[in-house]
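*Asks:* The lines below spell out each chain.
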Amino acid sequence: MSGNLLKASRHLAVALAAFVLSAQAHAQDIPRLPSGKPDFSGVWQTLSEADYDLEPHVGRRDAPPGQGVVAEGKIPYLPEALELRQDNYENRMQDDPRLKCWSLGVPRSVYHPTPFQVFQRDSDLTLIHRLGHQTRTIHTNGSLHPEDGEELWMGDSRGKWEGDTLVVDVDDFNAETWLDRAGNFHSEDLHVVERWSFVDKDTIAYSATLEDPQVFSASWTINVLLHRRRDPGFVLIEDYCQTLEYDQFYPHKGDK
Amino acid sequence: MTRTALATLLLASSTIAAPAIAQEPTPSANAAKSERLPRVIKERLSIPEGEWTGPRLADGQPDVSGFWSNMIANHNNFTDPQAGAPGEPTEAANLPRDQRAPSRVSDPEDGQVPYLPEARVLQQDFAENFANPTKSRYIEPMARCAPAGVPKSLYWHGYEIRQYPGYVVFLFDTGTRIIRLGDAKHIHPDIKLWNGDSIGHWEGNTLVVDVTNNNGKALFGRTGDFMSENATVAERYVFAQDGASFNYVATFTDPTVYSRPWTATVPTRRYTAEDEPDGWHYDVTPVNNPGQPRDYEMPERICVENNGPFGGGAIGVVVHEPLIQR
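Chains as they are written, first to last, in the numbering used here: chain P, 134 to 389; chain D, 56 to 381.
Note that these hints are calculated values from the structure, not bench results.
Predicted model only: the values in this text are computed from it and were never measured.
One or more hints might be untrue.
Unchecked claim - On the chain D side, residues computed to face chain P include the following (Cβ under 10 angstroms): (1) 106; (2) 274; (3) 341; (4) 357.
Every residue gets a Cβ at the ideal spot worked out from N, C-alpha and C, and that includes glycine.
Chain P with its partners taken away, still in its complex shape (with noise of 0.2 angstroms):
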C-alpha cells in the first residue's frame, strides 16, 4: 500500500470523526422512542467499501477502490497473523465464509453491502438482516454477557446509553467469521465495542473498535457511516441464500 493512500485514509478517518461529532451536537431533530431514547428503528445499509477490504486498496477483480474504514490506517497484525490473513486472501474466491451463506459476525453483518432492519424496544434491538438467515438481538435491559458463554457466530450483544450514543459490547465471539473480503479475520478471543448514534435522522455514524490479543497487536476502530433505506415501498425481502443449491427439488420436484 502506498504510503500516500495511507495517509490520506488517516486524513479522512480523522475528517469523519471531526464531522460525526459537530453533526451530533446539532442532531436534535433525530427520532426517539417514547422513552426518549434515540429510536435506530428503520433499514439501514452501508454505501462504504469496506467489506470489499477494509484497508486501503486500489481496484481488483473481485473489488473495487477504497480508502478504507480503520481509523488506524491498517490493521496491526500481529506477525503471524498477517501471514494467516494473506493465506486468507489468496483463497478468498473459496473460503470467504459469506460465500456459503453463512451469518457473518459483528461487525461484518452491519457494513456487509446489505440492507438490514432494526426493530426497537426500550429492552433490545433486533437487527435482521437480508443475507442468509441472520438475525441479532442487542439487549438493552441493563443484563450481562452469560456467566458461561457460548461460542457464539454473532456473539453475544449488550448495549447501554451514553447520552445519545448506543453503546454494545459484544464478546463470546467464535473464530469462524471474517470481517471483510479481503480475508481479515479474528480468533475466538474477539471484543468488540460498537457506538451506534445519529447524524441526522436518515444517517447513523456507526464505529467498532476491535480487540483480539491472538490476532492484533493493537485495538484498532471501523468507522462507516449506514443510510437509511428510504426507497418508496421497499421492503426486507428475504434471503435464504443457504438453500440454492437444493430448492429446485421442491416442491415434490425434480428426477434426481
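Position chain D against the provided structure of chain P, taking the given hints into account.
*Replies:* Frame of chain P; chain D shown alone:
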C-alpha cells in the same frame, strides 16, 4: 441450532412428550392467570374471536409479545400429528385414533387435506419415500436448514413474538417472519419466498394476516403435505383473553393443488419465566441479570453453519463449496 439438531434426533421417532418438569409455584403477576396449561394436549383449544380486554402496547396493539409453542406435536405428521413420521410410528400410533390429537386439518371435518388427485399422488409419494430417500426431493427441506415456512414454523420448536409500531416479528427456530401491519401493498407476485409476504391487522383479539408470494417449497412436514406457489394463506391468530394461549387458524387456497380451500388449526401456549426450559418448546437460556427476577432469552439460532444436516434421512447439504457469487 446446535441443541436443535440433537433434539430433532431425539424426537425423530417419537411424539413430543411433555418433559417431566416440576411446576414451580413461584408467585408473580402471572399467577393470577388461569391455571398453567399443559405442554402437550390431545384435543383442540376453544378460543372465541372477540374484543381484546388484555394488556396493550403503547401503539394500541394487544400485547402478545413473548415465547410461544404449539401444544400438539412437531412436524412429523401433519394430519395425525402424534402418530410419528412415515415409517417411524410412535407408540401412540398403535392406540385407537381418538386417543391421539386430532388432525391439524379442522375443515373439512374428515381431517384430510382436500388434494386434487395428482397432488395427492405427489404427497403420498413423498411420504412413502421419506424414511429411505432415493432422490433429493424426498428429503424434508428443513433437514437441510431451509426455513420452516408457513405453516410449519408454528409447530417446529417454540419461538418468540416481538411487536413494534407497524410490525409483528416472529423469530422462529428456523427463519424469521416480518408481518407488516396496516395498508401496505404486497410485493410483486413474481417474487416467491419461503415465508411468503405477510400483511396483517388486528381485529379485537385476532391478528389477521394475508400471506401471498409463497414459493411452496417448505412442505408442511415429514408427510409431504404441501401447497404450491399459487397458494395464498389467510391466517387468524386468535388470542385468549388471559394471554396464555392462542389458536393459529389458517385457511389455504390453491386451485392448482386443492379441490377447495381448507383450514388448519394449531393450539399454542405461552411460555414465561415460570416455565422450565425444555430444549424444544421453551428453548431458552437464563438472562444474566443479577438481582433481577429470573428470566430467559432466546439463544443464537444457527443451522447451515454447523456443517451438517439432521434428522429423517437428511443427506446432501452442500457446505464446502461456495453457494453464491455475490
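*Asks:* Confirm or reject each hint.
*Replies:* Verification of the supplied hints:
The interface hint given for residue 106(D) is violated, since its Cβ lies 25 angstroms from the closest Cβ of chain P, which is over the 10 angstroms cut-off. Residue-level restraint check for residue 274(D) holds (minimum Cβ-Cβ distance to chain P is 6 angstroms; threshold 10 angstroms). Nearest Cβ of chain P to the Cβ of residue 341(D): about 8 angstroms, under the 10 angstroms cut. The hint holds. Contact between residue 357(D) and chain P, as hinted, is supported at the beta carbon level, the nearest pair being about 6 angstroms apart and thus within 10 angstroms.
Hint check: a violation occurs at hint 1 only; the rest are consistent with the structure.
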